[in-house]
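Engineer: One-letter residues, chain by chain:
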Amino acid sequence: MLKTMMRRAGKCAAVAAAGLMMMSAQAAEPIKIGSFLSVTGPASFLGDPELKTLEMYVEKINEEGGVLGRQLELIHYDDVGNASSARNFASRLIRSDQVDIIVGGSTTGATMAAVPLIEQAQVPFISLAGAVVITTPVKKWVFKTPQSDRMAAERILADMKNRGITKIGLISGTGGFGSSGRTQTLEVAEKMGMEVVADVTYSGSDTDMTAQLTNIRNTKGVEAVLNFGFGQGPAIVTRNYAQLGMELPFYQSHGVASDSFLELAGSSAEGLRLPASPLLVPDSLPEDDPQKEVVQNYKAEYEARWDSKVSTFGAYAYDGLMLAVRAIEEAGSTDPAAVRDALENIKGYVGVTGEFNMSPEDHNGLDADSFRILEVQNGEWKLID
Amino acid sequence: MLAEFLQYLFTGITIGATYALIALGFTLIYNASHVINFAQGEFLMIGGMATVSLTAMGVPMVLAVVLAVILAGVLGIALQRLAIAPAKQADVVTLIIITIGASIFIRGIAQVVWGKQYHVMQNFSTNEPIEVFGAVLNSQSLWVLGIGAIMVVGLVLFFTKTLIGKAILATSMNKEAARLVGIRTQMVLMLAFMVSALLGSVAGIVVAPITFTSYDIGIILGLKGFVAAAIGGLGSGVGAVVGGLALGIVEAMAAGYISSDYKDAVAFSMILLVLFFMPRGLFGAKVVERV
Numbered sequence: 001m002l003k004t005m006m007r008r009a010g011k012c013a014a015v016a017a018a019g020l021m022m023m024s025a026q027a028a029e030p031i032k033i034g035s036f037l038s039v040t041g042p043a044s045f046l047g048d049p050e051l052k053t054l055e056m057y058v059e060k061i062n063e064e065g066g067v068l069g070r071q072l073e074l075i076h077y078d079d080v081g082n083a084s085s086a087r088n089f090a091s092r093l094i095r096s097d098q099v100d101i102i103v104g105g106s107t108t109g110a111t112m113a114a115v116p117l118i119e120q121a122q123v124p125f126i127s128l129a130g131a132v133v134i135t136t137p138v139k140k141w142v143f144k145t146p147q148s149d150r151m152a153a154e155r156i157l158a159d160m161k162n163r164g165i166t167k168i169g170l171i172s173g174t175g176g177f178g179s180s181g182r183t184q185t186l187e188v189a190e191k192m193g194m195e196v197v198a199d200v201t202y203s204g205s206d207t208d209m210t211a212q213l214t215n216i217r218n219t220k221g222v223e224a225v226l227n228f229g230f231g232q233g234p235a236i237v238t239r240n241y242a243q244l245g246m247e248l249p250f251y252q253s254h255g256v257a258s259d260s261f262l263e264l265a266g267s268s269a270e271g272l273r274l275p276a277s278p279l280l281v282p283d284s285l286p287e288d289d290p291q292k293e294v295v296q297n298y299k300a301e302y303e304a305r306w307d308s309k310v311s312t313f314g315a316y317a318y319d320g321l322m323l324a325v326r327a328i329e330e331a332g333s334t335d336p337a338a339v340r341d342a343l344e345n346i347k348g349y350v351g352v353t354g355e356f357n358m359s360p361e362d363h364n365g366l367d368a369d370s371f372r373i374l375e376v377q378n379g380e381w382k383l384i385d
Numbered sequence: 001m002l003a004e005f006l007q008y009l010f011t012g013i014t015i016g017a018t019y020a021l022i023a024l025g026f027t028l029i030y031n032a033s034h035v036i037n038f039a040q041g042e043f044l045m046i047g048g049m050a051t052v053s054l055t056a057m058g059v060p061m062v063l064a065v066v067l068a069v070i071l072a073g074v075l076g077i078a079l080q081r082l083a084i085a086p087a088k089q090a091d092v093v094t095l096i097i098i099t100i101g102a103s104i105f106i107r108g109i110a111q112v113v114w115g116k117q118y119h120v121m122q123n124f125s126t127n128e129p130i131e132v133f134g135a136v137l138n139s140q141s142l143w144v145l146g147i148g149a150i151m152v153v154g155l156v157l158f159f160t161k162t163l164i165g166k167a168i169l170a171t172s173m174n175k176e177a178a179r180l181v182g183i184r185t186q187m188v189l190m191l192a193f194m195v196s197a198l199l200g201s202v203a204g205i206v207v208a209p210i211t212f213t214s215y216d217i218g219i220i221l222g223l224k225g226f227v228a229a230a231i232g233g234l235g236s237g238v239g240a241v242v243g244g245l246a247l248g249i250v251e252a253m254a255a256g257y258i259s260s261d262y263k264d265a266v267a268f269s270m271i272l273l274v275l276f277f278m279p280r281g282l283f284g285a286k287v288v289e290r291v
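Going line by line, the protein sequences match chains A and B. Residue 317 in UniProt numbering sits at position 317 of the first sequence, and the numbers go up by one each step. Residue 222 in UniProt numbering sits at position 222 of the second sequence, and the numbers go up by one each step.
Heads up, a few of these hints could be off.
Unchecked claim - In silico DMTMM-like cross-links for lysine to aspartate or glutamate, where the CA-CA straight-line distance does not exceed 20 Å:
id, chain 1, residue 1, chain 2, residue 2
1, B, K116, A, E55
2, A, K299, A, E380
3, A, K292, A, E303
4, A, K292, A, E263
5, A, K347, A, E330
6, A, K382, A, D307
7, A, K52, A, E29
8, A, K382, A, D288
9, A, K299, A, E287
10, B, K116, A, E303
11, A, K220, B, D216
12, B, K175, B, D91
13, B, K116, A, D259
14, B, K116, A, D307
15, A, K139, A, D362
16, B, K116, A, E263
17, A, K220, A, E195
18, A, K32, A, E73
These aren't lab readings, by the way, just hints derived from the structure by calculation.
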């Protein structure tokens, strides 16, 4: 009797000791945050600020004691904007680096290439790309921080409607962002009873879009023009638009929402409107705006650290990292299933991009109102709505 | 109707002139060494980026342009001395591969030095567009066309009137024979690379206000310039210009009249057609084989 009790106690002790050892081993081990971003290549203006943001805040969180008492470790790969490398890197992050969560995927193409792998491996994944297909339909392990292009289309068309515009000319890039934006715009326009009377495209490497714009100008009945694209293309479109002396209201998508766009487009951008994150106008936000402080802090910290202007894209990475940290804290561990459930239940997280309210039906958690409508006035962003 | 056509034409000529300037750089080195220098696009980038960063530092525009062109020239010499010359006995294909390697190397350095974002350069003269019969023309297009024309004429004179130009031609036709008559062929090659780098950088500077400039602008423009050179017939200066303009105009017309979706397809069909019926390009030299 005594013997068996002793034996049991011994077993208990052994189990407890093993458990303790595992726990202390775990405490020493960092939480691995994996990332694949387009730091170089054509989408580098997305990936570059994103990586800088991740590096900077992982460092900052570690200095402040880490998450759950553990340090964060950022494991990062550059996919050069190439979907198949994105897939390879996602696979490496899961298989050999064995990361706890992935925050990354600068472009929709890169994100979607990695999604099947991630779903299979069951690792929580927060994408930083825009297209609506990423979280619609909802995929169990996939979340994203930027507003979708559909919301952008809704927001732009609503603003046009307020100005009494019903017939629009659409020009879009042929890349993933532009073509998805085009599809969404066509759908939303039909739903809102508006008509797309001209519909032209340009490729990302084009150096002159005058021909396409002339085509729109010669179409009867166009009341406003919308350009859906990112990179230097939209800046060239803006310049050509001004050169052609087109006077119609001009809209761009959130794909150009950065100060560097203003620099590129120069005075041609005067009067154009776009949906954007409040990050571009932190100081014009009203005092009672819940985002004001978050936005101001991010901008100040980023600019102090990197000596370059913040961009909306870096903010997507900020929100992605903070959502990941919050989910791990809520879950109390890095168990993938628990972290995923915690992510899905995040409510009222006020980020730079907007207020996130995730749910099992919505893995983006933002609504179209998180976009502010900005207009370029005297070479600066002005908050309209 | 006319305004529309003119607008497409102007657009096409502007883009085409850009392609033509780049094609000229290819032509020059091809003439000297039968090498297609895929680092040509990088000289273009160096010209634009150096000018932008120098003016940003407060250097006056004209001086910045001169310094940028000199920088590109030095790089051209370095490329020949450090990468091409050591591979003396290598065949042409190897040399072409070396230029591809060099272009990746230069681009990498530029990315570290200048960062990854796009940069703007101001128009040389006014920002106001010029109106002709209801169509508008960017004033910078005139600069591109004017400087392009000067460079073409200059090149023609260089090859037909100067000793160095003739030496380059002689070297390209028969290296051994040229050496026998006392031409220092390595020196000639170095000169060819330098002049072509100068050309490339000038092209990069005049087009930068239209296209913007960034560390990787050379990939796209270099490729289009190469295509233009191939259409015109590699090695022909006139061919480079005609090829560039034709490519630009076809692209713009296709984008305007058919659909921008088919613009690149139309351009590619044109290349296929030209090369199918005239394998040496529009102005390519006839091959004379002596036995």
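Engineer: Tell me, which hint numbers fail for this structure?
Structural biologist: 4, 6, 7 and 11
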